[in-house]
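There are 2 protein chains.
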Amino acid sequence: MNETVKARTMETNEKTLIRTLKGETLSVPPIWLMRQAGRYLPEYRETRKQAGNFLELCYTPELAIEVTLQPIRRYDLDASIMFCDILVIPDALGQDVAFREGEGPVLEPIQNVQGLSVLNPDGVLDHLAPVFETIKGLRRELPADKTLIGFAGSPWTVAIYMVEGRGGTDGGKARSWAYKEPDTFSQLMDVLVAATTEYLIMQVDSGAEVLQLFDSWSGVLSEDQFRKWSIDPTRRIVDGVRAVHPDVPIIGFPRGGGLMAAEFIRETGVNGISMDANVPLEWARDTLQPLATLQGNLDNQLLVAGGAEMDMTVRRIVDTLGKGPFIFNLGHGIVPNTPPEHVARVVELVRGQS
Amino acid sequence: MNETVKARTMETNEKTLIRTLKGETLSVPPIWLMRQAGRYLPEYRETRKQAGNFLELCYTPELAIEVTLQPIRRYDLDASIMFCDILVIPDALGQDVAFREGEGPVLEPIQNVQGLSVLNPDGVLDHLAPVFETIKGLRRELPADKTLIGFAGSPWTVAIYMVEGRGGTDGGKARSWAYKEPDTFSQLMDVLVAATTEYLIMQVDSGAEVLQLFDSWSGVLSEDQFRKWSIDPTRRIVDGVRAVHPDVPIIGFPRGGGLMAAEFIRETGVNGISMDANVPLEWARDTLQPLATLQGNLDNQLLVAGGAEMDMTVRRIVDTLGKGPFIFNLGHGIVPNTPPEHVARVVELVRGQS
Numbered sequence: 000m001n002e003t004v005k006a007r008t009m010e011t012n013e014k015t016l017i018r019t020l021k022g023e024t025l026s027v028p029p030i031w032l033m034r035q036a037g038r039y040l041p042e043y044r045e046t047r048k049q050a051g052n053f054l055e056l057c058y059t060p061e062l063a064i065e066v067t068l069q070p071i072r073r074y075d076l077d078a079s080i081m082f083c084d085i086l087v088i089p090d091a092l093g094q095d096v097a098f099r100e101g102e103g104p105v106l107e108p109i110q111n112v113q114g115l116s117v118l119n120p121d122g123v124l125d126h127l128a129p130v131f132e133t134i135k136g137l138r139r140e141l142p143a144d145k146t147l148i149g150f151a152g153s154p155w156t157v158a159i160y161m162v163e164g165r166g167g168t169d170g171g172k173a174r175s176w177a178y179k180e181p182d183t184f185s186q187l188m189d190v191l192v193a194a195t196t197e198y199l200i201m202q203v204d205s206g207a208e209v210l211q212l213f214d215s216w217s218g219v220l221s222e223d224q225f226r227k228w229s230i231d232p233t234r235r236i237v238d239g240v241r242a243v244h245p246d247v248p249i250i251g252f253p254r255g256g257g258l259m260a261a262e263f264i265r266e267t268g269v270n271g272i273s274m275d276a277n278v279p280l281e282w283a284r285d286t287l288q289p290l291a292t293l294q295g296n297l298d299n300q301l302l303v304a305g306g307a308e309m310d311m312t313v314r315r316i317v318d319t320l321g322k323g324p325f326i327f328n329l330g331h332g333i334v335p336n337t338p339p340e341h342v343a344r345v346v347e348l349v350r351g352q353s
Numbered sequence: 000m001n002e003t004v005k006a007r008t009m010e011t012n013e014k015t016l017i018r019t020l021k022g023e024t025l026s027v028p029p030i031w032l033m034r035q036a037g038r039y040l041p042e043y044r045e046t047r048k049q050a051g052n053f054l055e056l057c058y059t060p061e062l063a064i065e066v067t068l069q070p071i072r073r074y075d076l077d078a079s080i081m082f083c084d085i086l087v088i089p090d091a092l093g094q095d096v097a098f099r100e101g102e103g104p105v106l107e108p109i110q111n112v113q114g115l116s117v118l119n120p121d122g123v124l125d126h127l128a129p130v131f132e133t134i135k136g137l138r139r140e141l142p143a144d145k146t147l148i149g150f151a152g153s154p155w156t157v158a159i160y161m162v163e164g165r166g167g168t169d170g171g172k173a174r175s176w177a178y179k180e181p182d183t184f185s186q187l188m189d190v191l192v193a194a195t196t197e198y199l200i201m202q203v204d205s206g207a208e209v210l211q212l213f214d215s216w217s218g219v220l221s222e223d224q225f226r227k228w229s230i231d232p233t234r235r236i237v238d239g240v241r242a243v244h245p246d247v248p249i250i251g252f253p254r255g256g257g258l259m260a261a262e263f264i265r266e267t268g269v270n271g272i273s274m275d276a277n278v279p280l281e282w283a284r285d286t287l288q289p290l291a292t293l294q295g296n297l298d299n300q301l302l303v304a305g306g307a308e309m310d311m312t313v314r315r316i317v318d319t320l321g322k323g324p325f326i327f328n329l330g331h332g333i334v335p336n337t338p339p340e341h342v343a344r345v346v347e348l349v350r351g352q353s
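Residue numbers (numbering that gives the first Met the number 0), protein chains in the order written: chain V, 0 to 353; chain G, 0 to 353.
Everything labelled a hint here was simulated from the structure, so no lab data went into it.
Be aware that one or more of the hints could be misleading.
Same chains, same names: a pair is fine if it fits in one copy or spans any two.
[To be verified] Straight-line Cα separation of at most 20 Å, SDA-like style, residue types lysine to any residue; simulated pairs:
#1 K172 / G103
#2 K172 / H341
#3 K179 / R314
#4 K14 / P245
#5 K322 / G114
#6 K227 / A307
#7 K172 / N336
#8 K179 / V334
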């Protein structure tokens, strides 16, 4: 860190992640990792046993705080993302959501306008009260230099789970509904935009300092539909949150959005853009970095593999993107069979300590 | 069609699809649709009953020819793609491949170098002899103005099925293997490159006039790995086929490859590039069309929905891309619940007959 930047840090007293998201280029980029609290850590697996099911883990502040803090104890990360899941929104709306071991989430699918009647937007914030307790507890317990990130799923991605009943599909049923009956599909999206906006506002009220919106399945959308169901709902949420919290930095993650990323940034007004591993670095540097802070994009399977190729790739990502506003991260969440020591190695490399 | 082009057609006697793939801009773009022979047609479902399982349908020339011809009888399409499946290659190599109704293909996964011992490359062409019979029969039965397209899966996509045991994943096991042991993963890829090259050469020997390589899961690859496992094996196959058949036009389909498409075209030397629905039209026109003939990219769910939005989108695709070398197609294969009359409507629209 050079003297000018150091001086400014002391002056502003702002945390690295927030400074980067406000457009500052740091000599050492901040680092956090999607799903940094998770099954790859033995202490997570221990804590996990104390909750009956996965949603109970999300809704028990004591346990959610504990697993959120676990990676912070192990690694010199710049930020902590509250432990939760994007499917708490459909759960809070009254849809039946179950997490089955080794199978991922399964929802009772909603496939038409009649199905929307099961959704009750009124009780969402009450239902999610434990999440806000988790955030408050984390702000008390997190070291002062760590940024607390709140998050939600983007409406399109949450809608895919709600309509298909699961992830990992090509979103055919959701895309079909959106084309055949855009008006009734909009009703579902409006419910999600409203619920997600109030959820994120309350996260900031409770102490979240940065927000990330995960649009994990935006890559299945055609150009037009991406504008309609990924960009537009994101813009409405960003506007809604900023109406109450004008300064909170927001990161968008239109996974698989490829070429639409530049338009996504311009139209939604997000401060940062998270990139999956297939986004080419030089294109991102030249095209996206002038528009927003970049975040990404180490392949999560390269983190599993480790070794010289991982070292080289981490260095290349930092060398290529680190000359502008940049946050080191993965292209997608950490997978369960990741060796914990590989995470330590990546943190060292990004810090320039090896 | 203007007089010059018409004169040239009569002179060269070449079919529209081949002319377009050689770089000619036609006033009416040729059209064919991925999976145009399939479950959305009642006559396909009837013929399907005559085969015990799906692979038997692929390996019975009489039935494969019949289902290939069915869409040609119904619609004024420019090309016919032989009815087959990309998984005949692992099947021919000796891996256990099963197609279960409503579940998609299931393979006995190969997850390390030891697993490669089940593969026997020697018998591939003998095993695939029925496919070549299908092609020969189709050349006899197809109307003279229809182009016959042969195809194969790209090695990366076929490897994903072979390693994961199924599709629809993030390719984590294949990506992991490729990172941890690139040398042994290369052995699998080399087997696939060799088998696919000889398979495609024999398809052309048998009468295929154009080839398409489907890399349906290339979108899960990081930038580096895309170069290594999508571009490089494709280039080797293109070179191998061209060493024997220098003039056969080849279409690549790096689905989800996004920004890597331009490099894919330049490095592999394909004549055409098939684009999924999320590729933005104006970018494709400006960036890719100077390099190759474009093919695509109507959303297969918009073909299901039909109506004014489908009409408008078809017209916009043709208006935007039709001023250069272009083949109208979908972004991905036709899905089973597609109303057959919507296909007729799209053909009319592309032909400018409505």
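Hint check:
1. Taking CA atoms no more than 20 Å apart as the test, K172 paired with G103 passes in both settings, with 19 Å inside one copy and 17 Å between copies.
2. In the homo-oligomer, the alpha carbons of K172 and H341 lie at most 20 Å apart only across protomers (18 Å), although the nearest pairing inside one protomer, at 39 Å, exceeds that limit.
3. With identical chains, the CA atoms of K179 and R314 are at most 20 Å apart between copies only, with a shortest distance of 19 Å across copies and 47 Å within one.
4. Proximity of K14 to P245 under the C-alpha cut-off of 20 Å is restricted to the intra-copy arrangement: shortest distance 18 Å within a copy versus 60 Å between copies.
5. In this assembly of identical chains, K322 and G114 lie within 20 Å of each other by CA distance neither inside one copy nor across copies; the values are 49 Å within and 45 Å between.
6. For the identical chains of this complex, K227 and A307 are inter-copy neighbours only, at 17 Å across copies versus 42 Å inside a copy, given an alpha-carbon limit of 20 Å.
7. For a Cα distance limit of 20 Å, the shortest separation of K172 from N336 across copies, 11 Å, qualifies, whereas the shortest one inside one copy, 32 Å, does not.
8. Proximity of K179 to V334 under the C-alpha cut-off of 20 Å is restricted to the inter-copy arrangement: shortest distance 15 Å between copies versus 36 Å within a copy.
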